[in-house]
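J.: Residues per chain are reported as follows:
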Amino acid sequence: MSTTTTGKPIKLDSAGARQLARPSSLWMDSMRYLFRNRLAVIGMAIILLLIIIALFAPTIATHDPLQPMIGLPGHTGRLQAKAPCIHLLGCPAEEVEHYLGLDLNARDVFSRIVYGSRVSLIVGFLAVMFSIVVGTMLGMISGYFGRWVDNLVMRFMDVLLAFPSLLLAIVIVTVLGPGLQNALLAISIVSIPVYARLARAQVLAVKEYEYITANRALGAGPIRILFFHIFPNSLTPLIVQGTLGIGGAVLEAAALSFIGLGAQPPDPEWGAMLSEARSYVFTAPHMVFFPGFAIMITVLGFNLLGDGMRDALDPRLNRI
Amino acid sequence: MVKRFGLGMLLILVFVALSVPVLAQDAPANMTVSDGGLITYAAESCDYGGEILSIEAVDETTVKFTLCYADPAFPSKVAFAAFGIRSSDQLEATGGGGDLLSAPMGTGPYMLDHWDLGNEIVLTRNDSYWGDAAIESTLIFRWNSESAQRLTELQAGNVSAIDNPGALDIPVVQGDPNLQFLPREGTNVFYVGMNNTIAPFDNVKVRQAVAYGVDKQRIVDQFYPPGSSVADQFMPTSIFGYTPEVEPFPYDPEMARQLLEEAAAEGGFSLPIETTISYRDVVRGYLPSPGVVAADLQQQLAAIGINLTIEVQESGTFLDNASAGRLPIFLLGWGADYPDATNFLDFHFGVGANDSFGTKHPEITEPLQAGARLADFAERYPYYIEANTAIRDLVPMLPVAHGGSGIAYKAGVAGAHTSPLGNENFSIMDDPTSDTFVWMQNAEPISMYCSDETDGESLRACEQVIESLLAYEVGGTAVVPSLAETYEASEDLTEWTFHLRPGVTFHDGSALDSNDVVMTFAVQWDAANPLHVGRSGAFDYFSGFFAAFLNAPES
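From first to last, the protein sequence lines are chains U and R.
One rule links them: number in this note's numbering = place in the first sequence (from 1) + 60.
One rule links them: number in this note's numbering = place in the second sequence (from 1) + 8.
Just so you know, these hints were derived from the structure itself, not from any lab.
Please note that the accuracy of each hint is not assured.
Unchecked claim - Pair ranges (Cβ atoms, derived):
{"hint": "1", "chain 1": "U", "residue 1": "Ile299", "chain 2": "R", "residue 2": "Asn186", "range": "54 to 60 Å"}
{"hint": "2", "chain 1": "R", "residue 1": "Asp229", "chain 2": "U", "residue 2": "Asp218", "range": "53 to 59 Å"}
{"hint": "3", "chain 1": "R", "residue 1": "Pro179", "chain 2": "U", "residue 2": "Glu155", "range": "18 to 24 Å"}
{"hint": "4", "chain 1": "U", "residue 1": "Thr234", "chain 2": "R", "residue 2": "Gly276", "range": "29 to 35 Å"}
{"hint": "5", "chain 1": "R", "residue 1": "Pro370", "chain 2": "U", "residue 2": "Glu155", "range": "52 to 58 Å"}
{"hint": "6", "chain 1": "U", "residue 1": "Gln127", "chain 2": "R", "residue 2": "Pro185", "range": "36 to 42 Å"}
Here a beta-carbon is modelled for each residue, glycine too, at the ideal position from N, C-alpha and C.
Let the sequences and hints guide you as you build the complete structure.
T.: Below is the structure:
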């Protein structure tokens, strides 16, 4: 695109010409590209839906997620792993509706999945936020100052990267003790190196730009340069990686809960629900299918959005 | 003073160090060998605290046990798999461990072909078996801890039978014309143990509150397979020692809350109580779905003011922690080894019991001690009323359920049965579709030296290969002859003489004689015997059944 010296938009008369109504920024452009990407929009819709479900869980859930239905009105006989009951689909009207059936402790699976979205989203967002903050700090310091600082930080990151991430998370949780908070911490720690390396690579490139040299000539200190001039220009890949990382964090939290190191009973968590029900995959598939589906759709949502963001924020991609 | 003491100690240490190898080369102090080579193993007196005074090879085929006190359950005890007779030559050759654990050799209808660790145990028919030879030429033990996978294997025809189908899978098995389900009677008990040395369970009112606050009926109705029942007391109803006169505490959450408030008022803690409940995530007949029951208890006890954090521990760690008395409240159970009160009550609450419930109560140990030494059931009975009443009131644990379990067989399997003791006999079974019988259970045997194992999954494998002096009837609990053709007891039940079956040979072809019997018992009995090694060296069953080891190291 080109503008006149006065800044007024001009009409381009090439083949793919369009009228530019107002000045454009990288962010505005990216957003526009993002919304034009159908898959990314689907991803965004999924995430938005999940956030709404998590926020309004008490309204959406039909039952208390921790309360076994044993002895409650309308519930008789053996309730363990009872199949879904939906009146519209032919379930007798005298039975209480349970959209996704009951679990092994006769708790409502639908309500547990609804409440489980809170756990998964919180873990996903917090874990990624923590690792982005710590990882970016370390990476920027390492990249900007170089020499022994760089060596020290990055070799430590190499050590962390040398372990398979889930294995390292298991080790951390085993040391700290099982529980959701410790699982969150473990997931954060294992993903720090990814952001540290990304931030360092960005800083290494950006700090050679002339405007940084100009800044330094003007007398700006390293902190000012690092945080006000380098950081904003290194943000793009971090955002993309972060979005993709949330999906990964949700999956890892579910994996840790599956092996009993994450959420502890009776908390509703999708991975733990899967684990409880794993022996009943043929006899009571509703207990396995729905938590598994919830994990899948969440991870899919973040991955679609992440992919879309990567395309939208990449200035090298040739777009009209 | 210090110096002199140090020197003395040094001299003693040097003396001991020098004498150890000398002692090891000689026969153990308690063992004498006659001119004819017959072994007698005897304690100097009964002062060591155990039940056995001597074991004597009277002649080649006769063994006499002399006891310190009457033991009416003695035949039931020697029939147990932990006392399977080993060849004394093999005991000697293996040094009491090693191949004894992994390459068992006995007199049974099957002998070990190979044990593919982590995968399967392959047994082949013993063609020179003294009784009816096994029907199938090969018996394979496999294992899988997931009930869904066990069922899939059975449905696919890869295995002939599976142990403990999941509660929800039982209707599937029953509805499948190619399969049959045989229930197994629940001669076991699932209990919630509480340690009276760990606060707040050191207050009997808290333990009683738990007893009032748990709706056992709900747990059995919802989470146990058909054939299970609520446990009124520790003893299963079908075994001597069950006393219907002793009424359990009713389910009364209001009473439970009141007791907790009183206990809290006495000081030491505030409500709600925060504590950790532990269990091991393994399926056993007494507790088919541990995680689910733990979660339900968590919910039930929260209602009376006890907030539980659930902690799953690895099976071995959990058992060690429980016996060492490190767990405040835990889920565990017990299955009958032989049908008598002593197997249940003495093992858990008697003087020789481990520390899982904390310090012992004389109100319980005294009647148990008296009851165990009497022969007449009518005379023993009042003592068990006394003991069961004390157990109810002091609540070392809360008995919850007697779990029914079962086995799913292929429909055509002949001789299919279940045993209330969990020791199914595969030599009489016939899978018509194959000349191999494949059995799939919950877990791999830990070792096959069952004198030093307590896990039922190990014991069942041992029982196919190794036989005891007596046996339990197939599918029942009555004691029947096995390696001993006949036996008799003196009038006061302190002398038991066993007459071995002639012509029995071990799998290596050597003949069974009375020395094998003496040595099998002696290496477990005498802690100073160089062959007293085993896997862990605990020999839990020996000390549990016969009260104490000879020459036990002082703790």
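J.: Would you mind marking each hint as holding or not holding in the structure?
T.: For each hint, the structure was consulted:
1. A C-beta distance of roughly 58 Å is found between U:Ile299 and R:Asn186, which places it inside the suggested range of 54 to 60 Å.
2. For R:Asp229 paired with U:Asp218, a C-beta distance near 57 Å keeps the hint of 53 to 59 Å intact.
3. In this structure the supplied range 18 to 24 Å holds for R:Pro179 paired with U:Glu155, their Cβ-Cβ distance being about 19 Å.
4. Between U:Thr234 and R:Gly276 the C-beta distance comes to about 33 Å, which sits within the given range of 29 to 35 Å.
5. Checking the proposed 52 to 58 Å range against R:Pro370 and U:Glu155 shows it holds: the Cβ atoms sit about 54 Å from each other.
6. Take U:Gln127 and R:Pro185: their Cβ atoms lie about 40 Å apart, and the range 36 to 42 Å holds.
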